[in-house]
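Peer 1: Kindly produce the complete structure, drawing on both the sequences and the hints.
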Amino acid sequence: KRAEIYTYNSKDMVYALAWSVRKDKKFRLAAGSFVEEYVNKVEILYLDETKGELGLSQPSLSFNHPFPATKIMFLPEKGTGLPDLLATSSDYLRIY
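Numbering of the sequence shown is given in this note's numbering, commencing with residue 491 and proceeding in unit increments.
Keep in mind the hints are simulated off the structure, nothing from the lab. Treat the hints with care, as some may be off.
Said to hold, decoys possible - Once the Cα atoms are required to be at most 25 Å apart in a straight line, the calculated SDA-like pairs of lysine to any residue come out as:
no.: 1; residue 1: Lys515; residue 2: Ile495
no.: 2; residue 1: Lys561; residue 2: Leu551
no.: 3; residue 1: Lys541; residue 2: Tyr496
no.: 4; residue 1: Lys515; residue 2: Arg584
no.: 5; residue 1: Lys568; residue 2: Asp581
To be verified - Label pairs and their computed distance ranges (CB to CB):
no.: 6; residue 1: Ser579; residue 2: Thr540; range: 26 to 36 Å
no.: 7; residue 1: Ile585; residue 2: Leu546; range: 18 to 28 Å
no.: 8; residue 1: Gly542; residue 2: Tyr582; range: 14 to 24 Å
Every residue, glycine too, gets a C-beta built ideally from N, C-alpha and C.
Peer 2: Printed below as a string of structure tokens:
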């Protein structure tokens, strides 16, 4: 295997990151923004292996987050038997 480097330019500063470990959804990354206002976002990024680019899927998977997420975590399950959950923390613990 060869080492590869991918980049993603977000419109906002990125504060929290989390990799998914599910076998059926490879190379998935959650990125939480840091904006000093009430409107922040969490974006789910995918690696497009045909283009060799890391970016938002079409349609894009993102949601508003009131404060910057200090921690993001996917359910640490490699199999597909459990629901695909994402948790964030900031002022509250939120599970999506």
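Peer 1: If a hint holds in the structure, say so; if it doesn't, say that too.
Peer 2: Here is how each hint holds up against the structure:
The hinted pair formed by Lys515 and Ile495 meets the criterion: a straight-line CA distance of about 19 Å does not exceed 25 Å. A C-alpha spacing of about 18 Å is found between Lys561 and Leu551, which places the hinted pair at or below 25 Å, so the restraint holds. Proposed proximity of Lys541 and Tyr496 is supported: the alpha carbons are some 11 Å apart, at most 25 Å. The hinted pair formed by Lys515 and Arg584 meets the criterion: a straight-line CA distance of about 22 Å does not exceed 25 Å.
Annotation: proposed proximity of Lys568 to Asp581 is violated, straight-line Cα distance about 29 Å (limit 25 Å). In this structure the supplied range 26 to 36 Å holds for Ser579 paired with Thr540, their Cβ-Cβ distance being about 35 Å. For the pair Ile585 and Leu546, the beta carbons lie near 22 Å from each other, so the given range of 18 to 28 Å is met. Taken as a hint, the range 14 to 24 Å is violated for the pair Gly542 and Tyr582, whose Cβ atoms sit roughly 38 Å apart.
Figure legend: structure checked against the earlier numbered hints; hints not met, in rising order: 5, 8.
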